[in-house]
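Add chain B to chain A, keeping to what the hints say.
Protein chains in written order, with this note's numbering: chain A, 1 to 64; chain B, 1 to 256.
In case anyone wonders, no lab produced these hints; they're calculated from the structure. Treat the hints with care, as some may be off.
[Unchecked claim] With beta-carbon atoms standing in for the labels, derived distance ranges: (1) A:Asn10 <-> B:Glu166: 53 to 61 Å; (2) B:Tyr136 <-> A:Thr12: 48 to 56 Å; (3) B:Glu30 <-> A:Ile27: 19 to 27 Å; (4) B:Gln11 <-> A:Gly13: 40 to 48 Å; (5) A:Gly13 <-> B:Lys23: 38 to 46 Å; (6) A:Gly13 <-> B:Gly63: 39 to 47 Å.
Backbone N, C-alpha and C define an ideal beta-carbon position, used for all residues, glycine too.
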Amino acid sequence: MVKINGEELNVTGKTAEQFLLENGYDIKRVAVELNGDILPKVQYECTILQDGDSVEIVSFVGGG
Amino acid sequence: MNNDKLILGGQEFNSRFILGSGKYSLNLIEAAVRDAGAEIITLAVRRANTKEQENILDYIPKGVTLLPNTSGARTAEEAVRIARLAREIGCGNFVKIEIMRDTKYLLPDNNETVKATEILAKEGFVVLPYMYPDLYAARDLINAGAAAVMPLAAPIGSNKGLATREFIQILVDEIDLPVIVDAGIGRPSQACEAMEMGAAAIMANTALATAGDLPLMASAFKNAVEAGRKAYLSGLGRVLSRGASASDPLTGFLRD
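Here chain A stands alone, though its shape is the one from the complex (with noise of 0.2 Å):
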């Protein structure tokens, strides 16, 4: 299982790529993070989502 938003997710073995377009993210307006370090664009591509991983995925809303 993986962490994703704080919520535990049967997704171990695909890649951060997979996940994000399966989910319909928007990859150009996101940013990763795993395991509290950030996940650079260039590598959604080639990182596999292990158990145990804890990943934030965020965008932009309205504030001040």
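Same frame as chain A, but now just chain B:
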């Protein structure tokens, strides 16, 4: 006036009104930016929604500088994390540091803000720290590499105006960086007053978001900020301590 630019991180801006984008419809952003004449808009960073959710970036006109904030951060460490994520999204290196441990009054933690400023300035961010208007903290923020300081006028979202007037004036008088008055400005007249005092810019969100007609209020703020700036540049007329001073000639009366 044409050469009167706001300079932040080496970038020149003609507008001195920074627009917030929170608490109102994405459909109003374009009109708000246009009618405010804004060249900088703030954003927040949150866990991303998937799929058909609308993205705020689709609604912000091209050429507007994005100023992500670190809202949600309670410590310097959390603010640094949010700032790095914001930059990774890929829309520039400006960041407004916002660190609050207090959830009732939403007051900024100046100590943590100085720490975060130092780290992020070293990493090449243009750091605009939201702060409680304290002279020592402002000096520490300069030393830490801030591009401006953003003292609060009143508690966030309160629309109460320049509650910290005297202390903002001290910052304006003593700090060499742009002083951008942020938070609590509720009316154009208050924005104008802060600009007359020598503030470099005004940031507002709730004043617009809770107004009856948002684009019209954006336009009112634009005019107020410009009026205050012109008044400051011109130098305000003096105030008499007592008595009066006629504006009309004191000769040629029709009475003798």
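Regarding Gln11 (chain B) and Gly13 (chain A), is the given constraint of 40 to 48 Å on their beta-carbon distance met?
-> This hint holds: roughly 44 Å between Cβ atoms.
Consistency of beta-carbon spacing, Lys23 (chain B) to Gly13 (chain A), with hint 38 to 46 Å | holds, 41 Å
Holds or violated: 48 to 56 Å for the Cβ distance of Tyr136 (chain B) and Thr12 (chain A)?
-> holds, 51 Å
Does the Cβ distance between Glu30 (chain B) and Ile27 (chain A) fall inside 19 to 27 Å?
-> Given range 19 to 27 Å: holds, Cβ gap about 25 Å.
Given a hinted range of 39 to 47 Å, is it respected by the beta-carbon distance of Gly13 (chain A) and Gly63 (chain B)?
-> holds, 43 Å
Note whether the CB distance of Asn10 (chain A) and Glu166 (chain B) lies within 53 to 61 Å or breaks it.
-> holds, 59 Å
Figure legend: structure checked against the earlier numbered hints; every hint is met.
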